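Peer 1: If you read the protein sequences in the order shown, they are chains A and B. Residues in the first sequence are numbered from 1 upward in steps of one, following the working numbering. Residues in the second sequence are numbered from 1 upward in steps of one, following the working numbering.
Treat the hints loosely; a few may be bogus.
What the hints assert, rightly or not - Pairs of lysine-lysine residues, derived as DSSO-like cross-links and limited to a Cα-Cα distance of at most 27 angstroms, are as follows: (1) A:Lys42 <-> B:Lys57; (2) A:Lys58 <-> A:Lys42; (3) A:Lys69 <-> A:Lys42; (4) A:Lys59 <-> A:Lys78; (5) B:Lys9 <-> A:Lys42; (6) A:Lys57 <-> A:Lys78.
What the hints assert, rightly or not - Coverage of chain A stretches by chain B, computed from C-beta distances (three or more under 8 angstroms per stretch; other residues unrestricted): (7) 41 to 47; (8) 96 to 108.
Said to hold, decoys possible - Derived DEER-like restraints, expressed as beta-carbon distance ranges: (9) A:Asn96 <-> B:Leu88: 22 to 28 angstroms; (10) B:Gly28 <-> A:Asn29: 25 to 31 angstroms; (11) B:Leu88 <-> A:Ser7: 23 to 29 angstroms; (12) A:Gly54 <-> B:Ser38: 34 to 40 angstroms; (13) A:Gly54 <-> B:Leu39: 35 to 41 angstroms; (14) A:Asn53 <-> B:Ile12: 45 to 51 angstroms; (15) B:Thr101 <-> A:Gln14: 27 to 33 angstroms; (16) A:Lys69 <-> B:Gly16: 47 to 53 angstroms; (17) B:Ser80 <-> A:Asp17: 47 to 53 angstroms; (18) B:Ser38 <-> A:Gln81: 30 to 36 angstroms; (19) B:Gln67 <-> A:Asn20: 37 to 43 angstroms.
Since the hints were made in silico from the structure, they are not lab data. Treat the numbers as computed from the prediction; the structure is a model and nothing was measured. Don't be surprised by glycine CBs; every beta carbon is placed ideally from N, CA and C.
Chain by chain, the residues run as shown.
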Amino acid sequence: ILNVEQSPQSLHVQEGDSTNFTCSFPSSNFYALHWYRWETAKSPEALFVMTLNGDEKKKGRISATLNTKEGYSYLYIKGSQPEDSATYLCALNTGNQFYFGTGTSLTVIP
Amino acid sequence: DSGVTQTPKHLITATGQRVTLRCSPRSGDLSVYWYQQSLDQGLQFLIQYYNGEERAKGNILERFSAQQFPDLHSELNLSSLELGDSALYFCASSVAYRGETQYFGPGTRLLVL
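Next up, chain B with everything else stripped away, as it sits in the complex:
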């Protein structure tokens, strides 16, 4: 158990819908990272927040957004969902924002029908 929690574990929804994935970092970690793993691709970095502020941005679609709240938990919002958004979404956390070990949560498996 890495200490990073993600909810829900599984999510099934329809195209065009919007969902919110939630992540709570390990106690004391200030950075949260979001990753997407699709069937035909490896882990893709989406976005990083550090202490409430966006720190780095990867291959995140405009239909997706994220935020980190004052209590340091983070939410990833996925809207206008398409079939291709079906994937495993991981959240990871680290103490600071550069080069530290990242601890991964168990992931949220999203299925868009």
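Isolated chain A, as found in the complex:
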């Protein structure tokens, strides 16, 4: 079993603040790194799939970067809005297994 770690576990920010969180994984087993947004009472929604070292992906105010050599990915949210409140999950895809982190719970305070 591989250990995918996410930090912080939870985060409260004011509306308009920018924020970021981290996903760490064992780099030796890397095939792809997935980011998901999971709102309460809904199902996980795919944000990004990242495969190449140095990858940067962007979707509106949310972006992510990937460092496969050191085994981490950052997710950034610029100008947080209350609707960004959710749990953000990362998952390591080793090619034949998926290992999820426990998520970062983000609360954006209006």
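Starting from the known structure of chain A, fit chain B onto it as the hints suggest.
Peer 2: Leaving out everything else, chain B in the frame of chain A:
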């Protein structure tokens, strides 16, 4: 709406029983994944099927089995149920089998009494 459907939405059953959860992938997706989310744990990958064949296996108990049918829908069978099997079971689908975006269904909430 991701295009992935799961039935039933809720299921209440007793210990020792057997249940079947059903998943229909998005149109055009060949891979189906099953995940379990228990109260005290994060998402656990159970199993993946691609075009009818088992492709990857995760933390799936021997009491659990799955299959993917020719029309690409999938069923997860849970037998000899225990209290600890109470969880939210998600199905996800993707176009192929490696590295693609996975689209999650709404989940089936199973309660074993």
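Peer 1: If a hint holds in the structure, say so; if it does not, say that too.
Peer 2: Here is what the structure says about each hint:
Restraint check for Lys42 (chain A) and Lys57 (chain B): satisfied, since their Cα atoms lie roughly 25 angstroms apart, inside the 27 angstroms limit. As the CA atoms of Lys58 (chain A) and Lys42 (chain A) are separated by approximately 23 angstroms, the hinted pair is consistent with the 27 angstroms bound. With a C-alpha separation of about 34 angstroms, the suggested pairing of Lys69 (chain A) with Lys42 (chain A) is violated against the 27 angstroms cut-off. Distance restraint check for Lys59 (chain A) and Lys78 (chain A): the Cα-Cα separation of roughly 11 angstroms lies within the 27 angstroms cut-off, and the hinted pair is therefore satisfied.
Distance restraint check for Lys9 (chain B) and Lys42 (chain A): the Cα-Cα separation of roughly 12 angstroms lies within the 27 angstroms cut-off, and the hinted pair is therefore satisfied. For the given pair, Lys57 (chain A) sits about 14 angstroms from Lys78 (chain A) by alpha-carbon distance, which is consistent with the 27 angstroms threshold. Here's how the region 41 to 47 of chain A fares: 5 of its residues keep a CB closer than 8 angstroms to some CB of chain B, so the rule of at least three is met and the hint holds. For the region 96 to 108 of chain A, the proposed coverage by chain B is satisfied: 8 residues have a C-beta within less than 8 angstroms of a C-beta in that chain, meeting the threshold of three.
Range check, Asn96 (chain A) to Leu88 (chain B): Cβ separation about 24 angstroms, and the 22 to 28 angstroms hint holds. Evaluation of the 25 to 31 angstroms hint for Gly28 (chain B) and Asn29 (chain A) yields a pass: the beta carbon distance comes to about 29 angstroms. Remark: the range hint 23 to 29 angstroms for Leu88 (chain B) to Ser7 (chain A) is upheld by a beta-carbon distance near 24 angstroms. The given range of 34 to 40 angstroms is respected by Gly54 (chain A) and Ser38 (chain B), whose C-beta atoms sit roughly 36 angstroms from each other.
In this structure the hint that Gly54 (chain A) and Leu39 (chain B) lie 35 to 41 angstroms apart at CB holds, the actual value being about 38 angstroms. Distance hint check: the CB atoms of Asn53 (chain A) and Ile12 (chain B) are about 47 angstroms apart, consistent with the given range 45 to 51 angstroms. Evaluation of the 27 to 33 angstroms hint for Thr101 (chain B) and Gln14 (chain A) yields a pass: the beta carbon distance comes to about 31 angstroms. Here the CB-CB span from Lys69 (chain A) to Gly16 (chain B) is close to 50 angstroms, well matched to the stated 47 to 53 angstroms.
Under the hint 47 to 53 angstroms, the C-beta atoms of Ser80 (chain B) and Asp17 (chain A), about 50 angstroms apart, fit the expected range. At about 31 angstroms, the beta-carbon gap between Ser38 (chain B) and Gln81 (chain A) stays in the expected band of 30 to 36 angstroms. At about 41 angstroms, the beta-carbon gap between Gln67 (chain B) and Asn20 (chain A) stays in the expected band of 37 to 43 angstroms.
Hint 3 from the earlier list is the only one contradicted by this structure; the remaining hints agree with it.
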